[in-house]
Amino acid sequence: MPYNVMVVDDAAMMRLYISSFLKSRKDFKLVAQAANGQEALDKLPDLPDLDLILLDIEMPVMDGLEFLRHAKLKTRAKICMLSSVTVQGSPLAAKARELGADGVVSKPSGTVSHDLEEKTGDELTRVMRALVGA
Amino acid sequence: MMDEMDEIWMLYADDGAQSLDAMEAALDALEGGKGDMGAHIGALFRAVHTFKGNSRVLGLAQVEGLAHLAEDLIGLVRDEGVPLNGEITDILMRTGDALRGMLEETADTRADVEPGPTAGLKQDLRTMIGRLTGAEAEPAEPAPTAEPQPDVVPQKAAAEAPAAPKSEPEPEPEAASAPKAKAPVFDMGLAGLLDQLDGGDGAEFDEFEGDDDEPEFEPEDDPEPEAELEAEEDGAPQSEAEAEPEPEPEPAPQVKTVAEVTEGKLLAPDSEHHKIFNDMADKTCAALDALVAEWVEDTSPRAAHRQADNLHYAAGQLNLADWLALLEPVLSGDAPDLAATRDLSAAIRRLLSGESAAPEVAEEPAPEPEPMPEPAVDVVSEPVAEPEPAPEPQVEAKAAPVKKTTARPKPAAEVAEGKLRADQTYHQIFADMVFKTLDKMDALCANWSEDSSLAALRKEADGLRYAAQQLDLTGWVALLDPVAEATGMSHAAAKDHVAELRARAAQEFGDADAAPAQTRGPIDPAADGRAFFQAIAELYPLIADQGMRMGGDTPCTMEERRDLAERIADLAAPREYVRLVDSAHRLSQEPAGHAYRAAELALYEELVSVERSLPASVFDAEMMPPSKLLGAWCVDHIFETLQSLRKGMEARSVEDGANWFPAFSTLMRQVHFACLNYRIETASQLTMALIDLFARVRVDQKAPDVILLQMGRGFVDTMELVFDALDQGDTPDTSRIEKMFEEATNACFVASGVMTAKSIESRLGLPPEFHRVMSPESVKTAHEAIKEGLHFYVLRADLNDDDALAQGFLEWITTGVVRMITNVTVFLDKATLFDFLVASSLEEDRMVERLAMLDTTGTRLMMAQALKVREAPEAGAAEPDTLDLIPMSDVGDSLALLEAVGAISASHAQLEHELTQLASVDLVQDVMEALRATGVGELEQRVRSVLRDRLEQHNMRLQEISESGAQLSAELSHLQQESVAQRSRPSEVLLRPLKAYVATQARKIGVDASVTYVGGDVMLDQMLIEELRGPLKTLVNLRLSGEYPASRFHISVEAESDHVRVELTDNSPEAPVSEAYAVLADEMARKKGALRRVSLPAGAGVRFHLRVPQHMIVLDGMVVRVGHVRYVLPVDSIHRILQTDRLLPVAASGGARMLHIDEGPLVPVHPLLPEPADMPAGARLYVVLSSNQTRIAIPVDELLGQQLVMLRPLQGVLSGMRDMSGIAVLSGGEVGMVVAVSALASGDESKASVAA
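Going down the list, the protein sequences come from chains A and B. For what it's worth, this note's numbering labels the leading residue of the first sequence as 62, then goes sequentially. For what it's worth, this note's numbering labels the leading residue of the second sequence as 33, then goes sequentially.
Hints may contain errors.
Distance ranges between label pairs, derived from CB positions [stated by the list, open to error]:
1. A525/B x D107/A: 42 to 52 Å
2. E184/A x E713/B: 24 to 34 Å
3. E184/A x G821/B: 31 to 41 Å
4. E801/B x D107/A: 26 to 36 Å
5. E184/A x S364/B: 49 to 59 Å
6. D103/A x D471/B: 42 to 52 Å
7. S996/B x D183/A: 30 to 40 Å
8. R334/B x D110/A: 52 to 62 Å
9. D183/A x A624/B: 36 to 46 Å
10. G821/B x S81/A: 26 to 36 Å
Distance condition first, Cα-Cα at most 30 Å in a straight line; then the derived DSSO-like pairs of lysine-lysine [as the list claims (entries may be wrong)]:
11. K862/B x K156/A
12. K771/B x K156/A
13. K771/B x K135/A
14. K468/B x K527/B
15. K527/B x K180/A
16. K679/B x K156/A
17. K900/B x K156/A
18. K180/A x K900/B
19. K790/B x K180/A
20. K180/A x K819/B
No lab work stands behind these hints: they were computed from the structure. A virtual CB, placed ideally from N, CA and C, is assigned to each residue, including glycine.
Isolated chain B, as found in the complex (with noise of 0.2 Å):
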């Protein structure tokens, strides 16, 4: 029995073999030229990109690491640009030849492979890569025992390689204008690393969003190659660590805590690294120095500028303070000029020979004894940070020169967190030493000398800086460093620069004298954020760790989860983020499983809250902000998360209220977070805009409406394609959530009316302040009011400061001559006042003058602006594509709403009826038999006739009522098609998202799927599209899931008179013999509806017919009587009526007639009741009718004419027959069944081929 190590092997084998064949056929494919181009590199590009993660997954460095070449090579012809031409074919047939031997050999062996054998392949494809991106060819790989931890990302680096391959760990803001959307490859490789936290095996996740059976992430950080490029592009030395292309067969990327991640400090520094950082310095100089012998304007600047910022990020990742603050400054200006160069150089090799890189404050001594903390040693050769440095002697006596020490020594804790934590007493003092710096400034200004005081200035303002540096007071480092920096002052310029120093001194402590020292300084927010979020970095390993815990069979105790939760409250309460405190405690206290999930992300959350507060500057490549690790968490799950969303929505449809809502929030929050990782901006509104129209639903306890339901999962669709696509490498399609966006914000005019609020603000010509602040109620009343013909103005008020005045004008704008529409808040310099928008009868002087009687004094009400109503637009042309806007109405409102309108309706008819049955009646004649039958003889002239008079007069009046009744009833019958037109939707709200829905399970299965569909724009009712999703879904996961899963599929859709029919086609040439097919078939029947298949011919695929029947229509129907039922015929469906008796039996079809009409051939007669064995012979009434190409002949005792009804589902016993496709309420006030035209015809068809 295999193990499953076993199973993986074979699966990466055949996995492989597919990826390998699937790359040959790209390329015989664009070797030949035909067909899409486009569409074999992408398919090429897939099979290398899917082959390359299935050996990463399995540790196979050296197999991974020439597929990642060779996708490379792919990506600059896919995304790039270069053309394709037969050298690029070439290598790639090369390489999938040697890719082919190496899955061969590895899954035989289970071990990577010798790298030699394809070292000269590598090459050659790092060495045409080269070319074609404009760098030069690396070097060949260096031998493995030297590379370092091979997942650290020069990230920064490898995102200023424009022409690289894949150096875009940045997607543009939209994913869709990005040229390939790709995750950010350290949040990629930061996932990864948070999976391995977590156990590896989403651990953490499944008791959250249950199942996970999704496969484990597929890491993606694997950006070497581009830092190479970068590195050689820049001419940038080659420390050993960068060298290194691929990474170490075993073990698989390594991370040693979260905390490093977040902080950056992706290296661990060891002796070996500060050697190689000094090395790199070195190097760096010399390049400067050859930049400053040939400095060229145009590009040098440039160059140089790249110098430094390598040399930065790697200071950064070894976390070297004082190389930061001297290259820190060179890299927030424009590129340094060939002065700004050579010294930057010259500094660059002072602090290698262990100086300071400022040269006259390197003999200086240090500043005043403040209390001040120390600037910091940056030991390089002893990497303190670590707890336990254990530096290897032999190591460091190799290092390169090394600072030994500084003026101003500190504590090592210190040095290893680089800088101090920025507290309030830091602060505090930074003021006391500005002011007294400034002071001393201005001394130096007053008493200036041009030997000697521009230097003592430098030296001041280089000690100030050099202490906002420590407490990261960027602003302030970036106005000392023109002073500190500077070669060359005028005595003015000096003191124009410590007047500015002053003032923002002024501006950011207040005034010196003033404010006592301990009182002074307020607390730099961007400072005090990142000591926080420093601080906070060094619990997220232990919070991860938590996490696994509890999610595991070893939870935390309480005293370690007290513990947790108050250093995560020490470090919160200070700062008042209460309700931080409150989910840190939360943490200590929710049981394992889904509760301390939950409570796990909602301390994330509020983390990022926090983070949201403060400026973005706080977080730089040394700090990761909380969101980007949520980010990356949620994009880990987020296959499971939509499944959970899905499940969740299809269950909702029946529970109710506040139960649903805190799942459905925390999984949509979850997606939120995902579509900000990848920068979908509009994704991640719109998750939110549908978190608070769902939030809306739940406070009134209800569940979720139909309408509202089918917009959620059209989002998980669409999600699913997005992520989908991001996952595989691809360009995400947005459009559709930019649709689906519009959509949720029209959601609630559609519910209310016809209108939006956009064709209000274009028919009015609104101005910008009134866009899209009205509400449903104002944009009915404004329809209203053009309606009416009123005028519209703007109304300018300005109302805060009257309280009677605005009382008074409040009161005219709602009562009486005119109506307030809406108004909005208008900002005009330090005012606040309010335009309100205002519908009335009153021209514009009129309404000028009342304005002037409400406000005498002419300054505090005027008219803004007259506005003039426009022409509503062509039909079709006005609304936003109405198509696709879904009402909010409550399905069970509407309903209830449509019961109501029938029930009146048939009342109605039930009078009208009996008052058209009054009507009739000669009363005159009546009574005067009447009497005549009483032995009254007769009256006299003069007495008949007035009494004629009066009847004839209240017959008339008795026929007008009839007559209005009548018109009446036509309204109510108008008014029953209204209702049921608006609970209709166009089939295309069905279809569109089975189309995506099609195209996500054959993904998720490996194979692609398309749909294509007719009669997207046939009316359906709400109930019966939700009854059509269920059994195609099942259909196409039916054919899909086969041996020959279908690739095509195509839809249409019919309505007829009483039913719809739908047909499903696709190709797979599998028979559907599965036993799901009989259930759903069952289940079809059971709702009156059916289920057929048929096999197409040469196995070309199978075709369902499904048919349902319609609910909630009103029908145009012909009522008869047959004995004392009543029936209603639809009048589409009657081909003739007429009375005749040539009937043939047919004795074939036991004792079955058949009637003979003039034209065509014999029509089956079909009693609605059974007849009486003792029917009298003669001619009798018939509708014949017609469905199909079938007729059928009913007969019939009597017509009683034709009338509007409302089809209405049978129910409980009645719900079993199956010749009729409902009820109605008749104009009488009986009931009358509906026949089902279709069902009737269809039988007697069989029955008339049995015949035949």
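Chain A on its own, in the form it takes in the complex (with noise of 0.2 Å):
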């Protein structure tokens, strides 16, 4: 049974890719995808199946910080950053950390990471499996 999974991103490139990755992972099931973190917020209602949120930062209307500030008193969905902006131990890692992300992973070239699978395929999967205890 795969665990499900939501992608919460503005770009729809990355939306893209993110999607593109998790089909290669047969343990991971895109449910749901989201351009902010109000439109995330809005669908949990209706999934409480899900064991995953991969969440940018930057979004308009509402940014991933807000979001998991919310959604992490209202899903048992593990959370984990997948942000450009999230280098290891800079402060925007550290707040993320802070407001209870379970996971924090960089994306490897920006916003928008095409290479994503190939420069941080292996990490993102490692984080995700120790996410839901896989």
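From the two separate chains plus the hints, produce the assembled complex.
Written as structure tokens, this is what we have:
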């Protein structure tokens, strides 16, 4: 039974890349996408079996940190930041940890990272599996 | 045999005497006017502070009270710029004498002293403090019997006395900038209170964090004098409770429940308190009237505001909703003007006489009988909040006039809560009420009558405002205030107000006609959050009690635990706080011990998460946020937490992956909350940054590498100093924290190369949106592009709505002519665009052309900026302090890499050796000789010529290859050196943390110790740094723990070709005789190092010499052959090479021989291998080596040449070879032994001295 994943990212191409990345991992299944935090928050009540959220930070309407602040209360799904601004040990990575992010991974080449799978795929997979307990 | 109490009292007497000695010494020094006056004052403050704390621990309130006053006075000099004069030193001298007498008496009687004998002195101190702070002197102490709860903290009042000593309960955001960065007074009190709830022994944390041998937390919640000063300054009435400056000797500050603390209800309201309150209100009226009578525009509004604030605070303590409702509007706006002050006074009188505060409304009937909760009755004389009120009739009889009732009574339970719990039903009712009220207001405005409409409008507004107050809808209250309180209002203004109210209603509740009543009105998150935390606060004592029992002998039953979990879950579940529900259930399931403590912490963290999702306005003076509770909890045990972290990191160097992280994370989060409690924002961020760095290592199931651990240790050292300073009442130095945060941020860049994101940002002049978003990969790509001389552009792209364009563009910028560095999101109005930083060989015009070809509309892709690459700054100026940048490279990985480079280099050297030999052969000659040897006659000239040509060409080709090989060999050697250099760090990274470590350890044993050092720039291998760290720490610990602890250490570091020398010198006269030194020396010897100790003359101290062999260095060596063995002699050590037979035997040295050279003394000969007895006489080759002014001569059979070799440590049985520092793979592929010249020289030095 694959783990259900929601991707929250404002860049359509990035959602595409992540979606493609998830398809190649049989133990994960993309069940929802959202282009900003508010949209994701609105979808949460309809996703009771969600296991994991891959969350960008810089998004319009509601950014990832604000979403994290609220979603962390409302869902048992693990939340993994996947953002270009969460470089290891950086202030935003620290902030995400403070707000209770379950995992943090950096996009390798910016907001739209075409090389996500190539450069960060293994790390992201390891983090995702660790978070869902796979 | 002494029991525990005997010991405690003895300690008290000893410590107290020491403190008073220190106090006297500081006063003498101040009087003498010599030395650093600031330091003397600091010492004086600390001495009195310590004395006060000790007295408090033993419940000696009178002693503590006097010390407290002295401390306040010194604080004025230290922190407030009050000049020190003879008057102050005199009174402090008197105080010191009095304290000494008190110490003797209390130590003898083990009871507090009578207040009488020192009452005069205390009054003098108060008078002086009052004068210096601009406040009036306080009255003399009232009789102790009149004291209420001693730990009642009129915090708010205290916080507003700027000049009063210790009146800074809220430190500045950054402790560094705070003049006196102490924990908020309230928090410290809370910590103490929680400690009591914990059982007073920190037991809650024992299992969680291991041993708990720290002293009890010393509460600091004594702001009574400040409160008095404030009250005096404001002319506020002095209730007995407020006037009492001293806590009761017995019992120690007691707390009823955590709920009382968290709700701010520190006063258990009883009739006496209500009487006091009524008196206070009465006097407030008088003060307001006085202000009205002599109104001064400059000062009176503020004074009136203060009066209202004081009364408001008291009302808050007693939870008097009507009073709060009356006073809050006054405090929420500007300071009241003359009319408002007059009105306020009148309203207070009306409430005191039992009427409603608002004159018009008091006479009106209640609003429509809505199902809205009825307004509270503040029956001031009935402390209904108490479960068992049991009022005392005679006291009640004496109470001031009280409000008997209003037209709208409500149940006592609701009165006790003060505010109605906000739930959705009430909000829907409120929404309906709003619209009905607005309808009535509209009608009034439509038929406006100057005579009556305003009063009716006020009435409507007041009714609605009351409902809003009950639901804590502060926004509505603020909107309604101007109408409800209006004394005059034009028709137009009235219409404007009503329109404003309707707009707010439409915004908040939607259209009145469209939405049915039951669906209108979303939950006000603030009100709901407040209601939630009010309810949770009632459970805090139960949680604390359960925690205590789970750590004790009578753990709760499963039923009790389930019941508590359900109660928490019942509050959390309707609000969909699912993780809080889970953590509540976890609390009911985890076994006692560590797991339970972790669950308890998790529960509080979830509550903090809820807190963070709510507006800050939810929490005010009456409502303590859970982060404060958690912060106080963490502060209380911060030193144990840091100690556990340190232990964990020591052990972690050998542990792997998943096991270590949870404990580390838990401890770090506690540090985080402790930092937040003190508002040390950078430190709190740094803890999270370190969690992030460690967490990412954890994902790979690895143990944190040595550098990360080093960063962690540095953090612990620094935080110990910071918290230690806070604990001592000093201002901590937080500059190091800033630097460490920068290091943490840059860590991953340093690991991946030499440039940081910052340097790329700077060279490209990147716009701000690109700051701090570049990953190490992006930095590397940019760095390479700069080196290649490419052009840099920022391209703006609108891609989200055109997949085909997006696909095409992304393919274009990632393949071939354009190279993407990174990209960021740009929010422009409502559009989400992306800025791409790219590098390309294309000129700007060509780039624009390409963009136009991709996006023919010209609207979705555009050139935002062409960047100009700036020149790299001078070396050393571009990068941030590289000394502190600690790379994240895994030591194991880098070692493996280095080994690989070494192996390749050796293999290549072997090939090159073969090639050189081949190239050196004269093939023509060789072939001719071979032909001749086989009997072939002379070849024909033409054949010979052709053969010669071909062979010579072949030979030349071989030589060319050989030369290229030599060049490659040099590059490989360089690579080896680079690899080694990458593993090297300045010894600063060892010495600086050691400095902090010494200071911390010294403070722990109550002494001061400092460290100076030289050689911080000596580069050492990481492994060697780790090898030195342990012995140095052991040595300083030993030297600090002796009978005469060292107070100064000096360390010097020197690196020689094959070893590192460290000297540690201290100033303790105590001889190092402990067994521990011998153990340490043996340990060093096992690692091929050495530890020697030398006592300095005249007991000036002791010097320790540590010698550790160098690892992983690239050595420029002379390879020699002795018999069949090859040795490498460090070129730096070679004094000269000579062939001679001028040997002199030295009979006294067992047949040793000395070499006679032209210059200098005889040189001992040290054969590397035993020489045969039949060694032929005659001249022999010698290499004379020099180390530390000592020379030795090594007889060798052959010099094989100079080469760079990588030194590797000896392992296994070879590790016992004292005279060899390691092995090296030589260019011929053979293994050579690297000679430890210093060891040889030191051995021969001693032999030579014997011979002499």
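Does the structure break any of the earlier hints, and which numbers would those be? 6, 13, 15 and 17
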